[in-house]
Every structure is written in C-alpha cells, then in structure tokens.
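Colleague: Chain residues, written in single-letter form:
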Amino acid sequence: MAQAELEQEQTETMTVRESIRQALREELEHDEDVYIIGEDVGAFGGVLEVTGNLYEEFGEERVRDTPIAEAGIIGAATGAAATGTRPVAELMFSDFTGVAMEQIMNQMAKMRYMFGGKTDMPVTVRTTEGGGMGAASQHSGTIHSWISHFPGLKAVAPGTAAAAKGLTKAAIRSDDPVFVFENKMIYEQQGEVPTDVEYTIPIGEAAVEREGEDVTVVGTQRLVGEALDVAESLSGDVSVEVIDPRSLYPLDTDTIVESVKKTGRMVVADESPLSYGTHAEIIARAQEEAFFSLDAPIQRVGTPDTHMPFSTPLEQEVLPGGEDVKDAIRRIT
Amino acid sequence: MSTHRDPRDRVQVLDEDGGVREGATVPDIDEDSLTEMYREMRLARHFDRRAVSLQRQGRMGTYPPLSGQEAAQVGSAMALADEDWIFPSYREHAAAHVRGVGLDSTLRYWMGDERGNDPDDANVFPVAVPIATQILHATGAAWAADLTGDDAAFLCYFGDGATSEGDFHEGLNFAGVFDVPAVFFCNNNQWAISVPRERQSASATLAQKAHAYGFEGVLVDGMDPLAVYQVTSDAVSKAKDPGPAGDDAPGRATRPTLIEAIQYRFGAHTTADDPSVYRDDDEVERWKRKDPIPRLEAYLRERGILDDESVDAIGESVESEVASAIDAAERTERPAPAEMFDHVHAERTERLDEQAAHLERLRERYGDEELLE
Numbered sequence: 174m175a176q177a178e179l180e181q182e183q184t185e186t187m188t189v190r191e192s193i194r195q196a197l198r199e200e201l202e203h204d205e206d207v208y209i210i211g212e213d214v215g216a217f218g219g220v221l222e223v224t225g226n227l228y229e230e231f232g233e234e235r236v237r238d239t240p241i242a243e244a245g246i247i248g249a250a251t252g253a254a255a256t257g258t259r260p261v262a263e264l265m266f267s268d269f270t271g272v273a274m275e276q277i278m279n280q281m282a283k284m285r286y287m288f289g290g291k292t293d294m295p296v297t298v299r300t301t302e303g304g305g306m307g308a309a310s311q312h313s314g315t316i317h318s319w320i321s322h323f324p325g326l327k328a329v330a331p332g333t334a335a336a337a338k339g340l341t342k343a344a345i346r347s348d349d350p351v352f353v354f355e356n357k358m359i360y361e362q363q364g365e366v367p368t369d370v371e372y373t374i375p376i377g378e379a380a381v382e383r384e385g386e387d388v389t390v391v392g393t394q395r396l397v398g399e400a401l402d403v404a405e406s407l408s409g410d411v412s413v414e415v416i417d418p419r420s421l422y423p424l425d426t427d428t429i430v431e432s433v434k435k436t437g438r439m440v441v442a443d444e445s446p447l448s449y450g451t452h453a454e455i456i457a458r459a460q461e462e463a464f465f466s467l468d469a470p471i472q473r474v475g476t477p478d479t480h481m482p483f484s485t486p487l488e489q490e491v492l493p494g495g496e497d498v499k500d501a502i503r504r505i506t
Numbered sequence: 002m003s004t005h006r007d008p009r010d011r012v013q014v015l016d017e018d019g020g021v022r023e024g025a026t027v028p029d030i031d032e033d034s035l036t037e038m039y040r041e042m043r044l045a046r047h048f049d050r051r052a053v054s055l056q057r058q059g060r061m062g063t064y065p066p067l068s069g070q071e072a073a074q075v076g077s078a079m080a081l082a083d084e085d086w087i088f089p090s091y092r093e094h095a096a097a098h099v100r101g102v103g104l105d106s107t108l109r110y111w112m113g114d115e116r117g118n119d120p121d122d123a124n125v126f127p128v129a130v131p132i133a134t135q136i137l138h139a140t141g142a143a144w145a146a147d148l149t150g151d152d153a154a155f156l157c158y159f160g161d162g163a164t165s166e167g168d169f170h171e172g173l174n175f176a177g178v179f180d181v182p183a184v185f186f187c188n189n190n191q192w193a194i195s196v197p198r199e200r201q202s203a204s205a206t207l208a209q210k211a212h213a214y215g216f217e218g219v220l221v222d223g224m225d226p227l228a229v230y231q232v233t234s235d236a237v238s239k240a241k242d243p244g245p246a247g248d249d250a251p252g253r254a255t256r257p258t259l260i261e262a263i264q265y266r267f268g269a270h271t272t273a274d275d276p277s278v279y280r281d282d283d284e285v286e287r288w289k290r291k292d293p294i295p296r297l298e299a300y301l302r303e304r305g306i307l308d309d310e311s312v313d314a315i316g317e318s319v320e321s322e323v324a325s326a327i328d329a330a331e332r333t334e335r336p337a338p339a340e341m342f343d344h345v346h347a348e349r350t351e352r353l354d355e356q357a358a359h360l361e362r363l364r365e366r367y368g369d370e371e372l373l374e
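The listed protein sequences correspond, in order, to chains W and E.
In this text, residue positions in the first sequence follow the numbering used here: the first is 174, and each later residue adds one.
In this text, residue positions in the second sequence follow the numbering used here: the first is 2, and each later residue adds one.
Simulated from the structure, these hints should not be mistaken for lab results.
Don't take each hint at face value.
With the Cβ distance kept under 7 Å, some of the chain W side facing chain E (calculated, not the full set) [to be verified]:
#, residue
1, Gly252
2, Ala253
3, Gln280
4, Gly289
5, Pro423
6, Tyr449
Glycine included, every Cβ here is placed at the ideal spot set by N, Cα and C.
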C-alpha cells in the first residue's frame with residue numbers, strides 16, 4: 174500500500190504472517206459461512222505458522238484439517254462454494270498445485286460458466302511460493318503465472334504486510350475463485366497495517382509504493398521490498414518509481430502504463446521463471462499502450478529457466494534479488 | 002435404519018419378467034408414484050431415441066445416450082427430497098428430469114448453450130465431463146452442510162470407470178473421515194467407452210470398495226427400479242439420520258453409502274463412437290432381456306395399476322412432451338455472441354470488456370455470416 178494512502182488509516186506494525194492471520198480471523202468473525210480447510214492448518218497451526226491459533230479460537234468446524242489430498246481440498250471447496258459457503262483452502266506449498274490442477278482449471282475456474290452464470294464460486298486458495306529456505310525444488314516454486322493464465326481464476330501476490338491483509342480479505346469476500354500467493358521469505362517482514370475491520374484492497378488495483386521520475390520498477394512479492402531498498406540506495410542518482418501490481422489477474426495495466434509514460438524506462442522483477450510468464454505479460458501490455466514513450470528496452474529480472482537448487486549457494490545464485498534489480502536499472506539509465 | 006448388507010449380495014425385487022422375487026421386500030411406493038416412475042422411464046427412453054436422431058441430423062452436438070439405464074436414474078432420483086442435491090456425470094438426463102429440469106433445458110445444453118445448465122432450484126450440479134471430478138464436489142457440499150445446518154443428502158452419480166480415478170478415492174476417503182451426508186451412486190454399465198469393467202478394477206465388486214473407507218457398500222440390480230428406489234431411500238435416510246451405532250455398525254453409525262447399480266448401456270458411449278467395434282451383439286441381447294421398462298410395466302399390469310389404455314396414453318403424452326421440448330429448445334433465441342464473455346467471473350474484468358468490444362466491432366464491420374465462414 175502506498176505511503177500516502179496508509180497515512181489516511183489507523184495502523185499497527187505487524188509482520189506479513191500476522192497480517193494474513195488477522196485477515197483470516199476477521200473474516201471468520203465477519204461471516205459464519207467462512208471456514209478454513211487444508212493440511213495441518215488446525216492444532217498444528219500451519220507448516221509455516223500462518224493459521225497459528227485460529228483452531229483454538231474458532232474450533233474444528235471452522236478450521237478443518239483434511240487428509241493429505243490436494244485435489245480433495247480444492248474439489249471439496251468447489252462443491253461447498255457452489256452450494257453456498259465460503260471456503261478458504263490452504264495448499265501447503267504451491268508446488269503441490271499440480272496434484273489438484275484438474276479441479277482448479279476445469280472445475281473451480283469453469284463452474285460459474287458451466288452453470289450458465291447461476292452460481293457463485295467464492296473460494297480462496299492460499300498457498301506459499303518462492304525459494305530461499307533451502308527447501309529444494311519441490312517446495313520452492315513460483316507458479317503464479319500458471320494460475321494467472323487460466324480464465325475464470327483471479328490471482329493476487331502481496332509484497333507488503335498491508336497488501337497481504339487487504340488482499341486476503343478481498344479474496345475471501347470475492348464471489349470468484351482467488352489465489353493468494355504468499356512468498357514464504359517475507360512472512361517475517363514488518364509493515365504498517367490498517368486496523369479497520371472493513372479494510373480491503375480491491376482486486377485488480379496496483380499500488381505506487383514509491384514515486385520516481387527516471388525508471389519504473391514493477392516488482393512483486395519479496396522483490397517489492399528489495400526494489401524499494403534499491404530505490405533508496407540510488408536516490409540522488411537515479412529516481413526510481415516502484416509499483417507493486419498486487420493483483421496479477423486482473424492486472425492494473427493503467428497504473429503501470431501511466432508510470433512508464435512518465436519515466437520511459439521499465440524493469441519487471443518477479444521471482445517466477447523468465448520464459449512465458451508474468452514478466453512477459455506485463456511487458457506486452459506496457460508496450461501495447463506506451464510503446465512511443467519508451468526510451469530503452471524493457472528489462473526483466475527473474476529466475477532462470479531451471480529448478481530451484483537444493484544447495485544454498487546455488488539457490489542464492491539463482492534467486493533474483495536487489496542486486497539484479499540494480500543491475501537492470503543501470504543497464505538502461 | 003441401516004441394513005448393512007453384504008456388498009456381494011445383489012439387491013433385487015423384480016425378476017426379469019417383472020414378477021416379485023421370492024423373499025423380496027417391495028418398497029412402499031403409492032400407485033401414483035409407481036405410475037410416475039414408469040412414465041419417467043418411458044419418457045427417458047423416447048427422449049433418448051429422439052436426441053440421438055437429432056444428433057444424426059446435425060441438429061445437436063455430441064450426445065451421451067442412456068437407454069438401458071432408466072431404472073437406475075429414475076429409481077434413485079425419485080428417492081430424494083426437494084432439499085437434496087444431485088451431482089451428475091454427463092448421462093443423467095432422466096435423473097435431472099425427475100429433479101425438475103425440463104427436457105428443453107437438457108437439449109439446449111447439448112445443442113451448445115450453457116444456459117441449459119441453469120435450472121432454478123432443482124439442486125442439480127452442471128454436467129461434469131472429466132471423469133469422477135463431481136465426486137469431490139458432492140463430498141465438499143455435503144461436508145459444508147454441517148456448517149449451514151442444511152438437512153439435505155447429496156447424491157453423486159458416476160460410472161464404473163470413475164472408480165479408477167484418484168478423485169473417487171479422495172472423495173470417498175474424505176466422506177468417510179468426515180462422515181458426510183452423501184450417497185455415491187455408481188452406474189456400473191459394464192463399459193467405460195471401450196474398456197470393460199474387469200479392466201477397471203480387480204475388486205470382485207465395486208461396492209466393496211466402501212469398506213476401505215469405513216462405510217457401507219450396497220450392490221443392486223440397476224435395471225430394477227424398485228430395488229434401486231429401496232436402496233437409495235435407505236441410503237438417503239442414513240445420510241440424514243445415521244442412528245445409533247449398533248451391532249451391525251461396529252464403532253459408530255456412518256452417513257455415507259456407496260451404491261453399485263449393475264446395469265448396461267444399450268447404445269454407444271456417445272454419438273461419437275460405435276460400440277460394435279468393442280462388444281458383440283449377443284452380449285447386448287442378453288442384457289436387453291433385463292430391460293427395466295417391460296419389467297416395471299409387467300409388474301404394474303399384474304397389480305392392476307396399468308392397462309392397455311393407460312400404457313397407450315402414457316406413450317402418447319411422452320411423445321408429445323418430447324416433441325414440445327425439442328420445439329422449445331430449437332425456438333430458443335441464440336445467446337448474443339458477446340455473452341460468452343459473461344460468467345467467466347462474477348463481473349467482467351476490464352480486459353474482458355475490451356475483448357467483448359473488439360468482437361462487437363468485428364461483427365459490425367463484417368457481419369456474422371462473414372465471420373462464421
């Protein structure tokens with residue numbers, strides 16, 4: 174959330190993990206049709222401790238541990254949503270999405286359409302993404318480009334504590350299926366978070382996190398914070414504007430295009446693999462509408478087209494970070 | 002409430018000639034409902050013939066026929082109450098009609114109009130073409146009914162081939178663990194397109210798979226509408242009120258039931274395949290001797306509920322209902338092309354608005370005929 178907007182709100186400082194938990198708690202309180210399902214989300218509190226003590230607070234009817242079955246979780250949530258409840262499903266790691274993909278792309282995504290518009294599909298799917306924990310290739314993926322590609326689904330990927338809360342609440346209140354992609358390396362990142370229980374962030378609205386004149390950096394998830402640090406370190410030398418798109422589908426093209434028209438230069442930084450993905454979509458939209466404002470080739474920062482190595486030094490080598498963003502800025506300014 | 006039958010014992014009320022089998026219990030169904038059951042089956046059979054014909058004439062897309070499977074669909078759907086739900090595969094046109102879905106709606110869907118899937122208040126899920134995916138939806142909906150306090154049963158139809166899918170396992174496993182009010186109704190019609198039942202599973206019966214999930218499995222003659230009605234009624238009652246754990250339900254009484262209804266599809270898997278390639282005519286003829294319609298008719302004539310006159314009248318009313326449905330479906334105004342951008346999300350996104358506007362500009366410039374060439 175942009176600094177100027179935050180100043181309008183009453184806030185408290187908390188981590189991304191706490192802000193997501195607070196969003197879940199508030200929505201469980203707000204609507205009795207909301208419930209959480211997933212693996213180890215109950216008494217254990219989630220493998221990355223996001224659901225925490227919600228099981229103690231709300232009981233096993235509202236915070237439901239399931240057998241290990243990702244297709245089962247998504248399929249059960251789809252059936253439940255079509256008959257009037259509002260499930261919030263957790264897929265422990267986004268790498269497990271493949272196990273549930275039939276239920277995601279053919280069932281959840283198409284149910285409203287197949288029903289001729291006669292049903293809502295208010296499912297939220299929370300899942301963790303990203304490398305950096307030394308968790309090897311099957312626990313470290315960034316797959317949000319995949320979900321953003323299928324019609325019928327929405328995808329959000331917060332980069333700040335405020336966005337994590339506002340987007341999670343908006344996802345739960347949405348009548349469409351929304352995936353919330355949580356980067357696991359920013360769970361401990363702190364930020365100012367509005368305390369108003371009605372605070373939500375509209376899905377499809379980007380935030381200008383820092384204003385600048387020379388180059389636009391569109392960063393997602395962990396790379397929002399890293400881009401802000403880079404912008405600060407370059408201040409006085411290069412004036413960097415940082416945008417967190419927050420929603421990947423629908424994407425707030427207008428905010429990005431407006432920025433590029435002003436700066437004439439753009440870097441897109443996202444942890445997904447570089448080919449055929451989020452970077453390409455953002456860049457395509459920017460050039461469709463701001464081609465004649467561009468002064469330099471658009472740069473992208475992401476993960477090479479390989480798997481996340483188990484070895485910590487190799488993992489650090491592969492993961493995109495602030496230095497890569499800085500290099501990309503240097504190449505075009 | 003629960004009878005906990007051995008899943009190897011096939012429940013059967015009527016013999017192949019429509020006589021009541023020795024020792025069988027005839028379910029308590031009033032005469033009007035029995036006549037309705039017969040009429041629904043006749044309607045389904047006639048509808049099926051006409052639908053295949055429409056496809057052959059190019060008036061409808063690919064269609065999955067149901068002839069031979071009327072008893073399983075009508076007998077089970079009639080055992081449900083208004084508040085209950087069904088989760089069909091793609092062949093349950095007769096079950097949907099019993100639930101209140103008009104034949105014209107079913108035809109509209111198969112003619113290529115998704116609006117045919119939107120019957121008000123029939124509590125019927127849309128057709129599911131990938132195999133077994135709807136089982137999880139039924140389980141999830143049944144599970145969520147705990148939260149909403151709905152006193153409903155959730156009945157899911159699927160075929161013998163679906164029991165090989167992972168979603169079958171996950172759906173039934175969840176149902177057992179959470180003890181949900183679901184009835185899993187397996188239309189075992191012997192063939193999954195060209196692959197026979199014995200190539201789907203080495204289990205002696207499909208019903209016995211229920212035991213692994215901790216609930217009851219029931220085997221029934223799926224071409225005997227009275228037997229199907231009886232076992233489905235028992236399963237629905239148990240879903241809503243499992244009763245106390247007893248000697249026949251060690252540990253605790255459980256809500257879910259898996260019903261395996263043994264039957265045969267007389268026709269093709271869909272209008273896109275030719276069954277003579279994978280099965281022989283003798284087999285088809287053997288199963289036709291179990292045809293559910295003459296069996297029920299003989300039973301009802303024997304009991305004096307039907308006679309020549311009433312059978313003829315039903316035949317005429319069925320023909321006229323199907324003819325009207327075809328007429329209504331074909332007269333329905335086609336949806337505006339830009340409507341294909343609706344119902345992707347609750348509201349069109351800006352992107353979808355732009356894409357719909359682009360299509361409209363093309364239509365204005367070139368006209369529909371030019372665009373369709």
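Colleague: Now tell me, hint by hint, if it's right for this structure.
Modeller: Taking the hints in turn, this is what the structure says about them:
{"no.": "1", "hint": "Gly252", "result": "3 Å, holds"}
{"no.": "2", "hint": "Ala253", "result": "4 Å, holds"}
{"no.": "3", "hint": "Gln280", "result": "5 Å, holds"}
{"no.": "4", "hint": "Gly289", "result": "4 Å, holds"}
{"no.": "5", "hint": "Pro423", "result": "4 Å, holds"}
{"no.": "6", "hint": "Tyr449", "result": "18 Å, violated"}
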